[in-house]
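**Student:** Chains as they are written, first to last, in my numbering: chain A, 3 to 599; chain Y, 27 to 170; chain W, 22 to 256; chain Z, 49 to 175.
If you're looking for bench data, these hints aren't it; they were derived computationally from the structure. Each residue gets a CB set at the ideal place from its N, CA and C atoms; glycine is no exception. Keep in mind that the hints are not guaranteed to be accurate.
Unchecked claim - Just the calculated beta-carbon pair ranges, DEER-fashion:
hint, chain 1, residue 1, chain 2, residue 2, range
1, Z, 52, Y, 158, 36 to 46 Å
2, W, 39, A, 353, 28 to 38 Å
3, W, 45, A, 491, 23 to 33 Å
4, W, 252, Z, 118, 34 to 44 Å
5, W, 144, A, 469, 17 to 27 Å
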Amino acid sequence: MPNVHQFDVVVVGAGGAGLMAGLYSSRGAKTAVISKLYPTRSHTGAAQGGISAAFGNLEEDKPEWHTYDSVKGSDYLGDQDAIEFMCEEAPQAVLELEHMGLPFDRTPEGRISQRPFGGHTNNVTGKPVRRACHAADRTGHMILQTLYQQCLKNKVTFFDEYQVLDFLIVNRRTAGIVAVELATGEFHTFHAKAVIFATGGHGRIFEVTSNAYAYTGDGAALLLRRGIPLEDMEFFQFHPTGIYKLGILITEGVRGEGGVLINGKGERFMPKYAPTVKDLASRDVVSRAIYTEIREGRGVNSSNYVWLDARPESIARYAAEDGRTNPDGSPYVLSGEQLLAKVPDIIDFCRVYLGVDPLTQMMPTQPTAHYTMGGIPTNKFGEVVIDESNAVFPGLYAAGECACVSVHGANRLGTNSLLDLIVFGKHAGLKAAEYAQQADFEPLPPDPQADSRAQFEKLRNGSGKENAFDITTEMKKVMFDLVGIYRNEKGMQEAITKLDQLKERFQHVKVTDRGRIFNTELFHTWELGNMLDVSEVVAKCALNRRESRGGHSREDFPNRDDSDWLKHTLAWQKNGGVEIRYKPVVITKYPPKERVY
Amino acid sequence: MNRSESRSLPLTKRGLNFEMLMWIFTRLTALAMYALILFAIIGALIMGARQDMNLADVLRWGFMPNSPHVQSTDVPDLGPWSTPFWRIVASGLLLIATAHGVHGLVVIADDYIVTPRGRNTVRGISIAFMLMMSFIGLYVIWTS
Amino acid sequence: MQVTLKIFRYNPEVDKKIHYETYNFEAQETDRILDLLEHVKGYFDGTLSFRRSCAHGVCGSDAMRINGRNMLACKVLVRDVGGQITIEPLLGLKIQKDLIVDMEPFFDNYKKVLPWFINDSPLPADERERLQSPQQRARFDDTTKCILCAACTTSCPTFWANDDYLGPAAIVTAHRFIYDSRDEAAAERLHILSETSGVARCHTAYNCTLACPREIEITRAIGELKMSMITGKLD
Amino acid sequence: MGLNRNVSLSTALRYKGQGPFLSFILHRIGGLGMAVFITIHILSVYIEALGWKIGDILNDIYMNWAFQIFIFFCVLFHAINGLRITLLDLFPRLSTYHREALWIEWALFLPVFGLSVIVILATAVGG
Ligand SMILES: Cc1cc2nc3c(=O)[nH]c(=O)nc-3n(C[C@H](O)[C@H](O)[C@H](O)COP(=O)(O)OP(=O)(O)OC[C@H]3O[C@@H](n4cnc5c(N)ncnc54)[C@H](O)[C@@H]3O)c2cc1C
Ligand code: HEM
Ligand code: SF4
Ligand code: F3S
Ligand code: FES
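Turn these sequences into a full structure, and let the hints guide you.
**Tutor:** Here it is as structure tokens:
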């Protein structure tokens with residue numbers, strides 16, 4: 003058979019999670035890391051603000067507070083054992099990054115510098131706490147670079163620009179994956195004992211998004227087609243501050259450094275919604291607050307955006323208003339230069355894309371689709387679990403944004419995702435290598451590439467009546483408008499109907515490029531298929547959940563309902579439809595209570 | 027944290043090889059040529075160039091303080107212009123310029139020729155060329 | 022406004038020669054060039070191929086020549102370059118299809134400078150971070166910004182002449198480690214950079230610095246390395 | 049697979065580099081020009097000293113005004129630009145002001161060169 007490779011462990015995706023998994027797995031097993039992008043182009047590189055760990059380098063902090071904040075942030079849907087595990091491991095994990103050379107910003111004492119972020123608090127006073135370790139506003143970039151470099155140092159095997167199309171199951175166990183090499187259009191079969199998915203999220207299903215073009219939910223969709231369920235897909239995070247219309251993210255770090263949100267009337271509105279932490283409430287709260295302002299006519303120019311004000315004089319004024327001080331007690335001020343040093347890229351984005359200079363002008367912002375809380379269900383070792391009783395699928399692992407551990411529950415706290423990548427990427431890598439050491443290879447199916455080939459053939463042979471770009475545009479709009487920040491029964495029904503039509507129209511799409519070499523049209527069209535599948539699951543799970551919780555806010559069911567809905571959704575693709583079941587949430591120390599910031 | 031400690035590398039560890047020596051050599055010879063040229067021009071002015079030479083001739087002398095370069099000017103007596111002192115200055119400038127120029131040619135060649143063999147050939151030819159030009163140049167300076 | 026997009030085209034499976042295609046359509050002043058390319062791909066010719074991912078200048082996928090100069094298509098707006106736009110692939114790398122070039126030689130050069138943190142000394146006694154003052158951290162901040170987009174290396178006249186030259190991007194990466202007070206392999210890296218294919222091939226043409234979408238002062242970084250080789254000072 | 053990486057000279061020259069790229073090209077031309085000129089010059093003087101009479105032809109070339117302008121351009125530009133490069137190289141932190149350095153360079157070069165061209169042309173016409 004042509005193009006068959008054999009590895010103990012195959013990692014799909016080379017973002018933070020994939021690289022961490024690859025690094026650890028390669029120490030104990032023959033490992034390949036496969037990615038459709040060059041590793042350094044993964045979306046982890048876009049992460050700006052920071053990675054959390056309760057070091058207390060600047061003020062008192064402890065992992066228990068981090069745990070509680072994350073549980074509360076998740077609106078009590080996160081599994082508390084996993085959250086506690088992650089928060090306890092956090093300091094060690096971040097130190098490990100430092101030891102790998104990651105250039106964190108420093109405190110005057112030479113330790114890792116930390117900044118406040120939404121939802122991170124001192125549990126005694128309720129005030130924001132500095133927990134996010136950062137390297138300017140390109141923390142993710144530095145994590146991605148550092149991990150890639152460490153992988154090179156440790157001679158990890160990479161297959162760059164290979165798009166994974168299919169997951170092979172034999173005897174109900176992992177047998178490998180099929181990928182296409184973008185440069186040649188050739189199929190490759192990777193025969194493996196264990197496969198780790200780390201393919202990132204699917205934010206591209208929404209119109210206004212901070213996510214990369216590559217965020218098409220490939221990993222989730224292709225596993226879904228192979229009978230693996232997806233967990234909590236209705237929970238999607240909308241980040242409060244995206245650049246108006248473009249969706250490019252303005253990190254919460256800007257508010258951490260003292261920026262505030264201002265409505266069309268020039269008022270600071272967050273104190274109304276979150277009296278204690280104000281602009282640093284968790285993201286779902288802030289995004290909803292912005293939308294409420296807009297819907298009540300207080301958007302800027304009666305339009306659908308608000309201001310983010312980070313001009314040095316405003317920062318000083320509002321800090322004085324909030325009684326915010328430096329650790330030594332002096333009043334908190336930030337000069338233009340300091341702001342430029344702390345968030346240089348954000349300032350650059352505003353200047354390039356808006357022609358606005360944040361040092362002297364306010365930034366027009368609007369909530370933007372940002373983070374996939376749901377995904378491939380796993381336990382805290384990265385093992386994929388496929389039913390209500392958490393049965394493990396042998397040899398299949400997932401980590402990072404494509405996975406749902408669930409540490410983020412219904413709403414992820416800022417900086418917890420990068421932490422998630424590092425902690426669970428590592429454990430998935432370790433577990434997979436351990437598994438590969440004792441397991442045998444399953445035989446490959448007779449024609450492993452048949453399904454992938456068939457999928458491509460279908461895209462090549464469509465009637466050509468429909469245009470893939472139109473379908474993409476419409477899908478994004480439907481999802482953003484009807485399954486976005488605010489949702490209701492009618493809208494979601496409509497969305498599902500429209501998605502059905504779009505899926506039907508997708509059958510008539512025809513790829514015009516007949517070539518093999520870099521047939522990006524073909525690959526992108528295949529990705530559209532994934533997005534449609536994922537969108538359908540998101541919409542149906544959201545319609546089913548008749549309550550509001552975290553990132554899922556229903557206008558028709560505005561309250562959280564713990565008695566009926568304190569449970570995880572599991573969704574399977576069955577007979578062309580979606581089957582939904584539920585599984586319990588793990589609650590250890592923190593019984594659910596009302597969430598106020 | 028050793029805030030004050032400055033990091034530095036000993037001579038053998040800083041990558042100071044022939045390549046980089048020649049790199050700094052090019053800059054230093056550039057400065058040296060400036061110095062010598064200025065020196066020659068000032069010398070010319072002291073020796074009365076202001077009345078007897080036009081600007082172009084002064085410059086020509088400046089770039090190579092060699093008596094034939096003032097032959098076609100109104101300078102009455104070539105004596106002071108062809109002293110051993112000026113011949114030494116001229117020789118210095120010649121050697122420096124030749125080394126600088128020939129190495130410049132090597133630099134250009136290295137941009138385009140990357141095989142070790144090719145590069146070595148270029149170096150061999152260059153050294154031969156440089157020696158030849160230096161000798162001929164010295165011969166011209168000291169016999170004119 | 023009306024834009025005219027003239028795009029370099031080459032499909033190895035059908036074309037014998039390169040050619041240019043021109044597309045006219047309505048666009049916004051605030052559209053990214055990347056948006057225009059997506060539009061052409063979506064509605065004029067699906068076979069047009071180029072790389073892209075983040076769409077806001079942080080992943081380094083879509084460096085290309087726009088009106089004759091290297092830029093990221095996602096970081097340039099129509100209003101920055103006007104309505105007559107010529108788009109061509111990067112120079113000095115094999116053209117695989119349309120705007121897609123073979124990045125392997127570029128990454129090979131990157132891998133030559135030991136692009137990873139090296140410190141084999143024991144950790145501090147408390148096993149916590151290796152301390153570094155804010156000033157020491159600031160020393161190499163500029164070169165940590167590199168996203169490996171290759172805009173610099175493929176704008177360098179020496180790299181056009183030969184891909185043996187490490188190129189500015191690889192040198193920038195070496196710089197990031199050499200001036201990191203925690204790293205211990207400065208000598209090895211300087212040794213590599215001092216070879217004939219290293220910093221000596223830079224003739225301060227500044228094309229790299231002016232092309233860098235991350236505004237890294239590349240030529241300065243290269244200059245600092247050259248002087249460190251002469252003086253041995255790493256501050 | 050794919051198209052050769054070869055960058056032809058004309059493609060290279062069409063790259064829209066800015067000031068420093070242009071001065072790099074001119075510096076190279078200047079250096080080469082001088083090297084060629086000086087070599088021929090020394091050789092011809094030498095050969096003449098040996099008693100061969102080829103000097104006349106060369107002399108005609110040297111006295112030609114176009115050649116004089118060219119060689120003067122080589123010398124002057126290479127020298128002034130060389131100083132800029134040397135200073136930026138020896139003090140890399142000045143590199144941040146490379147644009148300003150280039151303005152100063154042109155501000156020095158253009159008047160001197162312009163004046164000289166006028167003188168050369170005037171002499172050529174007059175003499
Ligand atoms: C703008 C922005 C800012 C953020 N800021 C922060 C922050 O400050 N703090 C924080 O904690 N989190 C932040 N996040 C979230 C966090 O960055 C992401 O959730 C995280 O980086 C995801 O990492 P990953 O490893 O799961 O996926 P990625 O890094 O996206 O990697 C996915 C990988 O999978 C590969 N891949 C995908 N599909 C396929 C396929 N079919 N075949 C082969 N390979 C495939 C891709 O090539 C890529 O290598 C931010 C996110 C965004 C968008
Ligand atoms: C005041 C006089 C001079 C100064 C200041 C000067 C300066 C310089 C500098 C700084 C360089 C390095 C350029 C680089 O590496 O990019 C250089 C290169 C060069 N010089 Fe000179 N130089 C002078 C005179 C000469 C002379 C007299 C010759 C001819 C014999 C010459 C020939 C060259 C050549 C051929 C190069 C290589 C060009 C290149 O790499 O593009 N230079 N010069
Ligand atoms: S230095 Fe700048 S131009 Fe070069 S690869 Fe890095 S980011 Fe791109
Ligand atoms: S373009 Fe090339 S010559 Fe040097 S200054 Fe940049 S590396
Ligand atoms: S698409 Fe990422 S840099 Fe342009």
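**Student:** Indicate, hint by hint, whether the structure satisfies it.
**Tutor:** Each hint tested on the structure:
1. Z:52 - Y:158: 36 to 46 Å: holds, 38 Å
2. W:39 - A:353: 28 to 38 Å: Check passed, 35 Å falls within 28 to 38 Å.
3. W:45 - A:491: 23 to 33 Å: violated, 46 Å
4. W:252 - Z:118: 34 to 44 Å: About 39 Å separates the Cβ atoms of residue 252 (chain W) and residue 118 (chain Z), which means 34 to 44 Å holds.
5. W:144 - A:469: 17 to 27 Å: violated, 57 Å
In summary, the numbered hints that this structure violates are 3, 5.
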